[in-house]
Every structure is written in structure tokens, then in C-alpha cells.
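There are 2 protein chains.
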Amino acid sequence: MSKAAKIVAAALSLTLLAATASAQVVGKTEDQIRFRQSAYTTMGWSVLRIKANVEGTYNKDQVIEAANVIQAIANSKMGTLYQPGSDKGKGWEPTRLKSEFFTDKEGVPKVAGPFIKAANEMGKAAASGDQLAVTEAYEALTKTCDGCHDKFKRK
Amino acid sequence: MSKAAKIVAAALSLTLLAATASAQVVGKTEDQIRFRQSAYTTMGWSVLRIKANVEGTYNKDQVIEAANVIQAIANSKMGTLYQPGSDKGKGWEPTRLKSEFFTDKEGVPKVAGPFIKAANEMGKAAASGDQLAVTEAYEALTKTCDGCHDKFKRK
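Top to bottom, those sequences are chains V and R. Going by this note's numbering, the first residue of the first sequence is number 629, and it counts up by one from there. Going by this note's numbering, the first residue of the second sequence is number 629, and it counts up by one from there.
Possibly wrong hints are sitting among the right ones.
In this list, chains with the same sequence are indistinguishable; a pair is considered to hold if it fits within one copy or across any two.
[To be verified] Derived PhoX-like pairs: lysine-lysine, alpha-carbon spacing no greater than 20 Å straight-line: (1) 718 with 688; (2) 656 with 771; (3) 771 with 738; (4) 738 with 752; (5) 688 with 705; (6) 679 with 705; (7) 733 with 688; (8) 679 with 656; (9) 783 with 718; (10) 738 with 779.
Keep in mind the hints are simulated off the structure, nothing from the lab.
All chains, please: the whole structure from these sequences, using the hints.
See below:
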């Protein structure tokens, strides 16, 4: 490695360290895996609640409650639950996170960004009480779930 | 049973049925247990995040993110995940819900009400950014967690 490359590498390491320090990490690997499995399952419950409303009798309050849960979790920096090495281990069950999650530096924001955006749009649509807007936001949101699962979750 | 008692019983059944119909139930017993274990674990993660902030370096955004998760879940009608019979069964793990949950009709609102109130107070305190208010709200909130666990959760 050239001296310049070494300096760049050292600077990059420091930047990554700083990023890790400013993010908030709680729990060991097993806890992180259980926390993220729990958070996705809680969002899954909320998605099912919205689905039942858009496909059946619409109840504005139920949709708002469920959308608030999804939006709050989506904006809670779940990325901190993906510390290096957490593609192996067991939370409630063995993680299905693909190792590519830690190497595909461009791929992760490409799925995380649209998910957070869709969750925020879902919150807005829910608050409006407009069933058509909610249906569209629901479909857009579930596409972002699938987008990440296809890329980073083992079958 | 007298005729009057029968009429009262029938009216009560109808009221209970109506209450069940207006609440939103998704999933079978095993799903409900997994959803509630997930929701409490997600709140547990968020409580740990707030704890780290009140005991260490305070970061307003982290506390808001975590408090939003707790508040959204607390207000999401988790009671619908406690359908009769769900004191037995397995979600991620066997449920530890005591059967008294379904018979102690006065005890449940006595623990659920203060929990929801404390979660809402936590949200307000987080938004204010006042570390002392957050510390007090955090302590009040965790007391309501313990209050319910002592009464309705098996060791």
C-alpha cells in the first residue's frame, strides 16, 4: 500500500470509528439480533392491521395507530442494530441477514432510504384518512420491505 | 337464572361482542403472542436507549427516537393481542401471561392506563430535551412496566 493510500485508509478508519461512536449501540450481538427481529415483527403486525383496513372496513384511528408504530420504528436508527459480525448469531431465532449487508456499502442505503421515506409517507396518508392515499402508501411501503428482503435476507 | 338476569346476561354478551368487533384482531393466538413479545422487546430496546442517555452523555435526538417508539406502541391498542386463551401458547417463546389477566377485570386497566399515560409523558419530556424531566419520566415509565409484570407476568 502506498503512503498516500495508507493515509486515506487511516482517515477512513477514523471516520468509521467516529460514525460508530456517535451512533448509539446498546446490547450484545444476540440482543441486537433479537431487537431487530422484534422491531420488524412489530412493524409486520402493524402492516397486517393496515392491510385489514384497506381490504376491509376502513377505520381511520386503527390505521393511524399502526402507521405511527411503523414510522417511529423506521426513524429509530435501526442501523445501530447491525454491528459488524451480526450476520451470525441468534436472537429469537438465528438471523437470516446475508453477509453482503456489510460489504455492499452502496446497496444498504439504497434499500434503507426508500423504506424510511415510505414509512413517513404512510404516516402522512394515515393522518389524512384518505383510504386511496393509504392504499397507495401501503403498497409502496410493502414494496420497500420486499426490496430489502430480496437483497439482504436469506430465504 | 331469572328472566331479568338472562336479559342482562344477553345484553352483556352483545356488548362484549360489539367491543370485540370494533377492536381489531389480526393473527391467531401464536401470532398474537409473538406480536406482543416483539412489541415489548422493541420497547425494551428503546428503554435501554433512554437509560444510556440519562445515565451517560445526553443526546436529544436519540431520546426522541426511542420515546416515539414507546409512545407509538403504547397507543396502538395492544389489548387486541390479548384474546381469550392467549395465556397459553408459544410465540417466540412460551407466553408468561398469567391467567388472572382474563379474570381480574379491574386489575388490567389499573396497570394499562398508567403505562399509556407514562409513555405519553415520556414523549413530551423527550421533545422538551430537558434531561431532568426525561429522567423523571423514564423512572415513572419503568415503574409502570414493573407494575404490570409483578401482577400479570409469570417469573
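Do the hints match the structure? See the list:
1. 718 with 688: neither (38 Å within a copy, 31 Å between copies)
2. 656 with 771: neither (31 Å within a copy, 25 Å between copies)
3. 771 with 738: within (13 Å within a copy, 41 Å between copies)
4. 738 with 752: neither (22 Å within a copy, 33 Å between copies)
5. 688 with 705: Close across copies (14 Å), not inside one copy (27 Å); limit 20 Å.
6. 679 with 705: between (25 Å within a copy, 16 Å between copies)
7. 733 with 688: The answer is neither: 39 Å in one copy and 28 Å across copies each exceed 20 Å.
8. 679 with 656: Only across copies: residue 679 and residue 656 sit 16 Å apart there, 34 Å inside one copy, limit 20 Å.
9. 783 with 718: within (16 Å within a copy, 23 Å between copies)
10. 738 with 779: Classified as within; 10 Å inside a copy, 45 Å across copies.
The structure does not agree with the numbered hints 1, 2, 4 and 7 stated previously, though it agrees with the rest.
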